[in-house]
Amino acid sequence: MKNLESLDIIDDKTVKWVYNGSEVNLSFSRKIFQVEFMEAAQQFLIIADYREVGERNLFIYDTSGKIVANPAMPDIGTTVEGVYSIWYIEGKTDQTVVLLTPQNQNYETKCKFSLIDFTFSHFSLTK
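Just add 1 to wherever you are in the sequence shown, counting from 1, and you've got my numbering.
Treat the hints with care, as some may be off.
[Claimed, not checked] Think about it this way: if two alpha-carbon atoms lie no more than 25 angstroms apart in a straight line, the pair counts; the simulated DSS-like pairs of lysine-lysine are:
1) 93 / 111
2) 128 / 67
3) 3 / 17
4) 32 / 111
5) 3 / 32
[To be verified] Ranges between beta-carbon positions, derived for each pair:
6) 97 / 13: 30 to 36 angstroms
7) 13 / 125: 29 to 35 angstroms
8) 6 / 79: 40 to 46 angstroms
9) 24 / 78: 39 to 45 angstroms
10) 113 / 23: 31 to 37 angstroms
11) 125 / 70: 19 to 25 angstroms
12) 115 / 21: 26 to 32 angstroms
Hint data in this document are derived by calculation from the structure and do not stem from the laboratory. We put the CB at the ideal spot given by N, CA and C, even for glycine.
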């Protein structure tokens, strides 16, 4: 069985992993917001800084470092600058994501993100 041997974030800008003996390095100019290894899917979810890569700052890579998905942000009636974070729970196909929006400074916009078809749904404000 193939397995993840290591996963490291170096200087907050490079994510490096070794999977089944093969090493992958992905570098960004700005700090990486979040990295998750999705064991059930054997994929990596990376949230990069939207100021570097734009609003499509959520990336899903396979174990060899090929991009699987880079979804467009949803149209919710306000500007979505990108994804801020994901409350990742292993094994769930729908994950809770916090979006970067200027909508309300007291609350953040959250939604569900499908790891099956890479779509956003069920929008609400955090409280």
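Hint by hint, here is what the structure shows:
For the suggested pair residue 93 and residue 111, the alpha carbons sit about 17 angstroms apart, so the restraint of at most 25 angstroms is met. Distance hint between residue 128 and residue 67 is unfulfilled; the C-alpha atoms sit about 37 angstroms from each other, more than 25 angstroms. About 17 angstroms separates the Cα atoms of residue 3 and residue 17, which keeps this hinted pair within 25 angstroms; it holds. Of the supplied pair hints, the one linking residue 32 and residue 111 holds, its CA atoms being roughly 22 angstroms apart against a limit of 25 angstroms.
This hinted pair does not check out: residue 3 and residue 32 have alpha carbons roughly 29 angstroms apart, beyond 25 angstroms. At about 24 angstroms, the beta-carbon gap between residue 97 and residue 13 misses the expected band of 30 to 36 angstroms. Restraint check, residue 13 to residue 125: a C-beta distance of roughly 30 angstroms satisfies the suggested window 29 to 35 angstroms. Hint check: residue 6 to residue 79, Cβ distance near 42 angstroms, so the stated range 40 to 46 angstroms holds.
Checked against the hint of 39 to 45 angstroms, the C-beta distance between residue 24 and residue 78 comes to roughly 43 angstroms, which is consistent with it. Between residue 113 and residue 23 the beta carbons are some 33 angstroms apart, a value that agrees with the proposed interval 31 to 37 angstroms. About 23 angstroms separates the C-beta atoms of residue 125 and residue 70, a value consistent with the hinted range of 19 to 25 angstroms. Take residue 115 and residue 21: their Cβ atoms lie about 27 angstroms apart, and the range 26 to 32 angstroms holds.
When held up to the earlier numbered hints, the structure conflicts with 2, 5 and 6 and fits the remainder.
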